[in-house]
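Engineer: Each chain is listed here by its residues.
2 protein chains.
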Amino acid sequence: MSTFEITRPFLEELEEKIIQADKTAISHLLADLHYGDISALLYETNPEQAKFVIESLEKEDAAEILSDLEEDFRVELVKQFDSTALSSYADFMDSDDAVDMLKEQPIQTREEVIALMRDRQKARHIIHLLPYDEDTAGGLMAKEYIKANINWDVKQCIEEVRRQAEKVDKIYSIYVVNDEGILKGRVSLKKIILSPDHTKIADIYEADIIAIESYLYQEDVAEIMQRYDLEALPVVNVKGKLLGRITIDDIIDVITEQAEYERQVMSGISSDVEEDDDIWKLTKARLPWLIIGMVGGIAGAQFIGLFEQDLILLPAMAFFIPLITATGGNVGIQSSSIIIQSLASKAVLKGAFQRIIKVFSVAIINGIVLSGIVFGANMLLVGDIKLSLVVTCALFFVVILASFTGTITPLVLARFKINPAFASGPFITTANDLLGLAVYFLTARALYALL
Amino acid sequence: MSTFEITRPFLEELEEKIIQADKTAISHLLADLHYGDISALLYETNPEQAKFVIESLEKEDAAEILSDLEEDFRVELVKQFDSTALSSYADFMDSDDAVDMLKEQPIQTREEVIALMRDRQKARHIIHLLPYDEDTAGGLMAKEYIKANINWDVKQCIEEVRRQAEKVDKIYSIYVVNDEGILKGRVSLKKIILSPDHTKIADIYEADIIAIESYLYQEDVAEIMQRYDLEALPVVNVKGKLLGRITIDDIIDVITEQAEYERQVMSGISSDVEEDDDIWKLTKARLPWLIIGMVGGIAGAQFIGLFEQDLILLPAMAFFIPLITATGGNVGIQSSSIIIQSLASKAVLKGAFQRIIKVFSVAIINGIVLSGIVFGANMLLVGDIKLSLVVTCALFFVVILASFTGTITPLVLARFKINPAFASGPFITTANDLLGLAVYFLTARALYALL
Numbered sequence: 004m005s006t007f008e009i010t011r012p013f014l015e016e017l018e019e020k021i022i023q024a025d026k027t028a029i030s031h032l033l034a035d036l037h038y039g040d041i042s043a044l045l046y047e048t049n050p051e052q053a054k055f056v057i058e059s060l061e062k063e064d065a066a067e068i069l070s071d072l073e074e075d076f077r078v079e080l081v082k083q084f085d086s087t088a089l090s091s092y093a094d095f096m097d098s099d100d101a102v103d104m105l106k107e108q109p110i111q112t113r114e115e116v117i118a119l120m121r122d123r124q125k126a127r128h129i130i131h132l133l134p135y136d137e138d139t140a141g142g143l144m145a146k147e148y149i150k151a152n153i154n155w156d157v158k159q160c161i162e163e164v165r166r167q168a169e170k171v172d173k174i175y176s177i178y179v180v181n182d183e184g185i186l187k188g189r190v191s192l193k194k195i196i197l198s199p200d201h202t203k204i205a206d207i208y209e210a211d212i213i214a215i216e217s218y219l220y221q222e223d224v225a226e227i228m229q230r231y232d233l234e235a236l237p238v239v240n241v242k243g244k245l246l247g248r249i250t251i252d253d254i255i256d257v258i259t260e261q262a263e264y265e266r267q268v269m270s271g272i273s274s275d276v277e278e279d280d281d282i283w284k285l286t287k288a289r290l291p292w293l294i295i296g297m298v299g300g301i302a303g304a305q306f307i308g309l310f311e312q313d314l315i316l317l318p319a320m321a322f323f324i325p326l327i328t329a330t331g332g333n334v335g336i337q338s339s340s341i342i343i344q345s346l347a348s349k350a351v352l353k354g355a356f357q358r359i360i361k362v363f364s365v366a367i368i369n370g371i372v373l374s375g376i377v378f379g380a381n382m383l384l385v386g387d388i389k390l391s392l393v394v395t396c397a398l399f400f401v402v403i404l405a406s407f408t409g410t411i412t413p414l415v416l417a418r419f420k421i422n423p424a425f426a427s428g429p430f431i432t433t434a435n436d437l438l439g440l441a442v443y444f445l446t447a448r449a450l451y452a453l454l
Numbered sequence: 004m005s006t007f008e009i010t011r012p013f014l015e016e017l018e019e020k021i022i023q024a025d026k027t028a029i030s031h032l033l034a035d036l037h038y039g040d041i042s043a044l045l046y047e048t049n050p051e052q053a054k055f056v057i058e059s060l061e062k063e064d065a066a067e068i069l070s071d072l073e074e075d076f077r078v079e080l081v082k083q084f085d086s087t088a089l090s091s092y093a094d095f096m097d098s099d100d101a102v103d104m105l106k107e108q109p110i111q112t113r114e115e116v117i118a119l120m121r122d123r124q125k126a127r128h129i130i131h132l133l134p135y136d137e138d139t140a141g142g143l144m145a146k147e148y149i150k151a152n153i154n155w156d157v158k159q160c161i162e163e164v165r166r167q168a169e170k171v172d173k174i175y176s177i178y179v180v181n182d183e184g185i186l187k188g189r190v191s192l193k194k195i196i197l198s199p200d201h202t203k204i205a206d207i208y209e210a211d212i213i214a215i216e217s218y219l220y221q222e223d224v225a226e227i228m229q230r231y232d233l234e235a236l237p238v239v240n241v242k243g244k245l246l247g248r249i250t251i252d253d254i255i256d257v258i259t260e261q262a263e264y265e266r267q268v269m270s271g272i273s274s275d276v277e278e279d280d281d282i283w284k285l286t287k288a289r290l291p292w293l294i295i296g297m298v299g300g301i302a303g304a305q306f307i308g309l310f311e312q313d314l315i316l317l318p319a320m321a322f323f324i325p326l327i328t329a330t331g332g333n334v335g336i337q338s339s340s341i342i343i344q345s346l347a348s349k350a351v352l353k354g355a356f357q358r359i360i361k362v363f364s365v366a367i368i369n370g371i372v373l374s375g376i377v378f379g380a381n382m383l384l385v386g387d388i389k390l391s392l393v394v395t396c397a398l399f400f401v402v403i404l405a406s407f408t409g410t411i412t413p414l415v416l417a418r419f420k421i422n423p424a425f426a427s428g429p430f431i432t433t434a435n436d437l438l439g440l441a442v443y444f445l446t447a448r449a450l451y452a453l454l
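Just so you know, the protein sequences line up as chains A and B, in that order. Just so you know, we're using my numbering here: the first sequence kicks off at 4 and counts up by one. Just so you know, we're using my numbering here: the second sequence kicks off at 4 and counts up by one.
A portion of the hints provided could be inaccurate.
Since the list can't tell identical chains apart, any single copy or any two copies may satisfy a pair.
Claimed, not checked - Okay, derived cross-link-like pairs now, DSSO-like style, lysine-lysine, Cα gap no bigger than 30 Å in a straight line:
1) K361 x K82
2) K54 x K287
3) K173 x K187
4) K170 x K187
5) K194 x K158
6) K244 x K158
7) K62 x K193
8) K158 x K173
9) K242 x K106
10) K287 x K361
Worth flagging that the hints you see were computed from the coordinates, not collected in a lab.
The following block holds chain A by itself, in its conformation from the complex (with noise of 0.2 Å):
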């Protein structure tokens, strides 16, 4: 099997299936193509569509299809739905991603998917992830693992896993409990395949590995399987009970909805949007955060309102106003974003001391250099010494005033477990350009004063 690529043909194909009801022919269409190319494929269609489209293939592959879309789409897909025809999907997903299917639903179908499941050990697993929230391990985690009592030998092990087999389609390890379930160990497939028969797994299971409690929050568990470099990473209670597994696939899907969420805060977006949402979620997703940067301009207009006799006297020093703002801005966010790295990559034990000497030496470094080339273009284009003299220091004070913000805020926002990444965000963009702006305008009055 190689890679598929979507070509407007193969839609086309497949939209004419649709219309004249073929359910063979699009289940021969799509026989050859892999599960994440028939997703990719659903979102170009919709929800009508899409539930044809599964309709025609094999409830297991439907299952997997399910499991792999993403929830906006599935949502408005799953719509399509009864409870019989969901429980008999949910009868061949891994519990984890029924779970996930049947959170998004109201709690009617809900229950009555997991009632009308036939696989009735599946639907006991549902029963008991339900209750963990999506955001920490216990939501990560499927009950879809194989287990080993420390007391067998090798041969029960085998049993087990053919046992299993067709229900665990990636194995990794099987974990090892004792007798009242909790977690001892591990031992891999391929000590299993180098082991006679008899021997006794308690010789050979590895004792020492990581297992993690199923409130961990999914950004932590993230960190330690990228920390340790681990495929697959057991969940257990408070009393050590094996409880579930996390697959690092999922992980795959935190770590990139995080790096999206992230650069959604950084461009002032309030929630997770596609380019192909309707106009009215866009809109709602973006005006809060435009409207906040508006108030902050409304009141930086009244604040430049306070210096209208120095404007009036000198309005040159209208024509530095961007300047000002900008370098502020993009000082700042770059202080910021070099701290939000350093928070997100690992413990920093250095001293504040040491940390915040360092950010001024820079600081006054970069301020030197870009004040010195305004002073040179000013006194080339402009002539005016004093005004050349005014913004050349407002600049240094704004540019120093900005690493100390960029610097000081992700460190504050996290002290108070908020994202720091909103440092970089409109709002706390918009307060730099506030202070930007009464730094350039009171340097102004007290130079003029001076000189």
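Knowing the structure of chain A, use the given hints to seat chain B on it.
Structural biologist: This is chain B only, laid out in the frame that chain A set:
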């Protein structure tokens, strides 16, 4: 093993043992830690201290840590070792990690290390991997994987696993090749465990697998592994010969680095810098972008200077300059962000016309709401109807224009194979500021002539 948090007392104890040059105590202190934790500890030390810690550990553990460290830190650390020491670590590293480390070294060190290695098979692997570009599949792949001939039976396959068990830490799948080494498919360990010894591999292998060619860019490799939920991916040459294997941990690094790179681009930082880099490196990464912003600001000042007469007549026009540039900036970045996400997430087949209609619809709604607010606030606070009308109209045009440029710029950048995230960076933002100012002053002049 539970997860480990670095504490100051622990770090101080480690530093004390380093001063005492007590290797036994250090290896004792770190005995229970995972290599991921020891790496994190080393980041808190200087290269001389880190060298001493590495020397205190077993070669095998030291090799794991050297593989795990971030490039910047490793470059400084590796300078402390001679080629003989490095070769003894390289013997225990996975081939792809050894290649990463060697590529950071001068050619002489590289050649010496390879010549001094005891594991001659690994040395040959390294020589084979070195020529591949580090941003491609060839640069990510490792030679540590298990392959089986299609004519073997399960017993022969298990023998091969036994032979390679020590070298291949995580097996995932066994790749099936023919006599010429051409990749035919894979067989899972699960299948091996469940099949009798005399079963032919030819009868149980899965032929329909995804393989990629060595020249594929790492971003595309990451996309494929995510789309198809793979934890390992075989790499082949143009003839289909199996060359190596990429594992999911490398792809997670690619995804994380990509997200970090994008944030830096959006924040206007030109290279991979971290908070603990030295002042000079930090300045060098930041100044170029600030200077671009400055040049834009100076151009802006020149431009506003053209309207000095208008400003003398109506100084209040200056009050709204920050509002105009900030709103334009915010709208532009929002628009770019939505397009960037849609470019990143999936093939978009929607028509260009439909997209543009939508962008304008959202822009017009945003523009009307924001202009309305500004008009109201203006009438309330300033009470000058003419000025209010000018600011309101100008703002409306700026919102429409910024939506348009914010949407077009990332699309144009992507077309020219430039990372579309630059559209949210300082360069484009500065250009938008200038455009916004132009619209503001031209609208003002036109309206005043009219009213």
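Engineer: For each hint, tell me whether it holds in the structure or not.
Structural biologist: Here's how the hints hold up against the structure:
Taking identical chains as interchangeable, the C-alpha atoms of K361 and K82 lie at most 30 Å apart only when they sit on different chains, with a minimum of 26 Å there against 56 Å within one chain. Proximity of K54 to K287 under the C-alpha cut-off of 30 Å is restricted to the intra-copy arrangement: shortest distance 28 Å within a copy versus 55 Å between copies. In this assembly of identical chains, K173 and K187 lie within 30 Å of each other by CA distance both inside one copy and across copies; the values are 21 Å within and 21 Å between. In this homomeric assembly, K170 and K187 come within 30 Å of each other (Cα to Cα) both inside a single copy, at 23 Å, and across copies, at 26 Å.
For a Cα distance limit of 30 Å, the shortest separation of K194 from K158 qualifies both inside one copy, at 12 Å, and across copies, at 15 Å. Taking identical chains as interchangeable, the C-alpha atoms of K244 and K158 lie at most 30 Å apart only when both belong to the same chain, with a minimum of 24 Å there against 37 Å between chains. In the homo-oligomer, the alpha carbons of K62 and K193 lie at most 30 Å apart only across protomers (24 Å), although the nearest pairing inside one protomer, at 33 Å, exceeds that limit. For the homomeric pair K158 and K173, the shortest alpha-carbon distances inside one copy (20 Å) and between copies (22 Å) are both at most 30 Å.
In this assembly of identical chains, the alpha carbons of K242 and K106 lie at most 30 Å apart only when taken from the same copy (27 Å versus 47 Å across copies). Taking the closest pair of Cα atoms, K287 and K361 come within 30 Å of each other only across two copies (14 Å); inside a single copy the shortest separation is 41 Å, beyond that limit.
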